[in-house]
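There are 4 protein chains.
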Amino acid sequence: MHKSIHRFSISMSGDLVAQLDQMVSAKGYANRSQAIADMVRDELVEHRSAGGNRQIAGTITLVYDHHRRNIQARLTAIQHDHGEQIIATLHAHLDHHNCMEVLAVRGRADQVKKLADGLIAVKGVKHGKLTMTTTGREFAK
Amino acid sequence: MHKSIHRFSISMSGDLVAQLDQMVSAKGYANRSQAIADMVRDELVEHRSAGGNRQIAGTITLVYDHHRRNIQARLTAIQHDHGEQIIATLHAHLDHHNCMEVLAVRGRADQVKKLADGLIAVKGVKHGKLTMTTTGREFAK
Amino acid sequence: MHKSIHRFSISMSGDLVAQLDQMVSAKGYANRSQAIADMVRDELVEHRSAGGNRQIAGTITLVYDHHRRNIQARLTAIQHDHGEQIIATLHAHLDHHNCMEVLAVRGRADQVKKLADGLIAVKGVKHGKLTMTTTGREFAK
Amino acid sequence: MHKSIHRFSISMSGDLVAQLDQMVSAKGYANRSQAIADMVRDELVEHRSAGGNRQIAGTITLVYDHHRRNIQARLTAIQHDHGEQIIATLHAHLDHHNCMEVLAVRGRADQVKKLADGLIAVKGVKHGKLTMTTTGREFAK
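For the record, the sequence lines run as chains G, D, B and F.
Mapping to our numbering: the first sequence position 39 is 39, numbers consecutive.
Mapping to our numbering: the second sequence position 127 is 127, numbers consecutive.
Mapping to our numbering: the third sequence position 96 is 96, numbers consecutive.
Mapping to our numbering: the fourth sequence position 106 is 106, numbers consecutive.
No wet-lab data here; the hints were simulated from the structure.
A virtual CB, placed ideally from N, CA and C, is assigned to each residue, including glycine.
Treat the hints loosely; a few may be bogus.
The list that follows gives simulated cross-link-like pairs (lysine to aspartate or glutamate, EDC-like), each with its CA atoms no further than 16 angstroms apart [what the hints assert, rightly or not]:
#1 G:K129 with D:E46
#2 B:K129 with F:E46
#3 D:K27 with G:D21
#4 B:K114 with B:E84
#5 G:K114 with G:D65
#6 F:K27 with B:E84
#7 B:K27 with F:E46
#8 D:K27 with G:E46
#9 G:K129 with D:D81
#10 D:K27 with G:D110
#11 B:K27 with F:D42
#12 D:K114 with D:D81
#13 G:K27 with D:D42
#14 G:K27 with D:E46
#15 F:K27 with B:D21
#16 F:K27 with B:D110
#17 G:K123 with D:D81
#18 F:K129 with F:E46
#19 F:K113 with F:E46
#20 D:K27 with G:E84
#21 B:K129 with F:D42
#22 G:K114 with G:E46
#23 F:K27 with B:D95
From the structure, some residues in chain G lie toward chain D, with a derived Cβ separation under 10 angstroms [unchecked claim]:
#24 I10
#25 N53
#26 T89
#27 D95
#28 C99
Derived list of chain F stretches under chain G, where covered just means 3 residues or more per stretch with a C-beta under 8 angstroms from a C-beta of chain G [unchecked claim]:
#29 26–33
#30 77–84
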């Protein structure tokens, strides 16, 4: 492993930077770099723990502004390529701009994760989250 | 809200940057900035959900065996007592025994949490999970 | 065919009889018998036109009071016996008592119809309706 | 509301009674009374839906090819203009091309009808159908 420190620049909306800085300060981080490094590590843990070929059920929750050009066409195209994993999608209109879309999914963990990654990476998705749960078979309860 | 794009530099270990880049590519993001912006928004959603009176949207995912005596009557009774927070519920039949129920919810964070806690505590619920997201208003994106 | 007139007695809640009588008069029927005979003929036409072994998609809409003893257990048991025909079910809480449940269905027309008949006949279902539509394949449009 | 059970007699041709009995049995009803009460409620729902300012619940079912240029953007734009009437939308992927979208709706009959007309008229919608039902309040059952 190379332990050297790398410096690189990133860009985001000024609005988001302002909100990031408030959180960095509220959480007591020394600076943005430290906070972002923590987020990256968290995300890596989640990224790796997911996947695998076990059967899971779950949900993918997306929030986006449906006025964003072509966003729905792109989200739907990805969904139709994963027809096998998607049971159905629930769409709620949060306000004039914002939609929440919830996909009920089922299948191999790695394929469900790939579907979630693809949807969340679509430009214009404000927040996306994969929630994995059991298919119920493993727990007798 | 200022929609201008801000550019700033951050630093982290070369090792972490390498792992970040692998994940950025595996998830299908166009670049590091887009991936990090998504992590920041994710962290903001979680950070703010701690604030009880903040408006949030989200989902509650439940898996249970519908043959359990009275389980549906109990789940529905709780849901009807929180009619204001629940947009709608999606019910999928996973197999002959197991159901996945996904509630699309919206409202004050503390009330949504109380609803989730109540549902997850019902005897016979094999797994339950509250996933919080944004109402979309806080992120201009 | 025997054209003789048969007379038989039926029972329903006094509340429903009152609403029936208002409608009988508003529609200009001479009496209840004439109105009910028309409803029976309408229902027979619908009953016969449905069915068959063609593939259809559609929805089954149910309204019921979830406080009715065991109604949900009975509705869910029927749904799990028709797992193949049901894509997913959307449940909306109309008020403290009343639920609207919408099943998205797909399959052979006769099997879907059997499922709908079974659900609508459950005691306590206030109103139920099968809406058949196309699977989209037959119309190029 | 008076919940007492009323018993009354009706008459129809023996031929029609025979066909009614076959249907009652095929549909799984316990007896003629139960089947006729369901027909009466169905007829009442339809009869009342003509009254523009009456509160109704219902579903709008749409089938379309999501590859049709801009069809989703158009459907969503109309839905966001009727946010008050729409509880949530269930989206099912029938195959690579065809989607079935089911809107759970509630509100004044005339406004719900206007929403349905607008959606069904969108170019590329292969089939659309408004199914009206009761909000449950009018039937004690």
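How the hints compare with the structure:
1. G:K129 with D:E46: This hinted pair holds, its Cα atoms lying about 11 angstroms apart.
2. B:K129 with F:E46: holds (11 angstroms)
3. D:K27 with G:D21: violated (26 angstroms)
4. B:K114 with B:E84: holds (13 angstroms)
5. G:K114 with G:D65: Outside the cut-off at roughly 23 angstroms; violated.
6. F:K27 with B:E84: Violated, because 20 angstroms separates the two Cα atoms, which is more than 16 angstroms.
7. B:K27 with F:E46: holds (12 angstroms)
8. D:K27 with G:E46: holds (12 angstroms)
9. G:K129 with D:D81: violated (27 angstroms)
10. D:K27 with G:D110: With Cα atoms ~12 angstroms apart, D:K27 and G:D110 stay inside 16 angstroms; holds.
11. B:K27 with F:D42: Distance ~15 angstroms between B:K27 and F:D42 Cα, so the pair holds.
12. D:K114 with D:D81: holds (11 angstroms)
13. G:K27 with D:D42: Within the cut-off at roughly 15 angstroms; holds.
14. G:K27 with D:E46: holds (12 angstroms)
15. F:K27 with B:D21: violated (26 angstroms)
16. F:K27 with B:D110: holds (12 angstroms)
17. G:K123 with D:D81: Violated, because 38 angstroms separates the two Cα atoms, which is more than 16 angstroms.
18. F:K129 with F:E46: holds (14 angstroms)
19. F:K113 with F:E46: holds (13 angstroms)
20. D:K27 with G:E84: violated (20 angstroms)
21. B:K129 with F:D42: holds (8 angstroms)
22. G:K114 with G:E46: holds (13 angstroms)
23. F:K27 with B:D95: violated (29 angstroms)
24. I10: With Cβ-Cβ at 4 angstroms, under 10 angstroms, it holds.
25. N53: Where the cut-off is 10 angstroms and the nearest Cβ of chain D is about 17 angstroms from G:N53, the hint is violated.
26. T89: holds (9 angstroms)
27. D95: holds (7 angstroms)
28. C99: Result: holds, 8 angstroms to nearest chain D Cβ.
29. 26–33: Since three or more residues must qualify, the claim that chain G covers the region 26–33 of chain F is violated, with 0 doing so at under 8 angstroms.
30. 77–84: holds (count 4)
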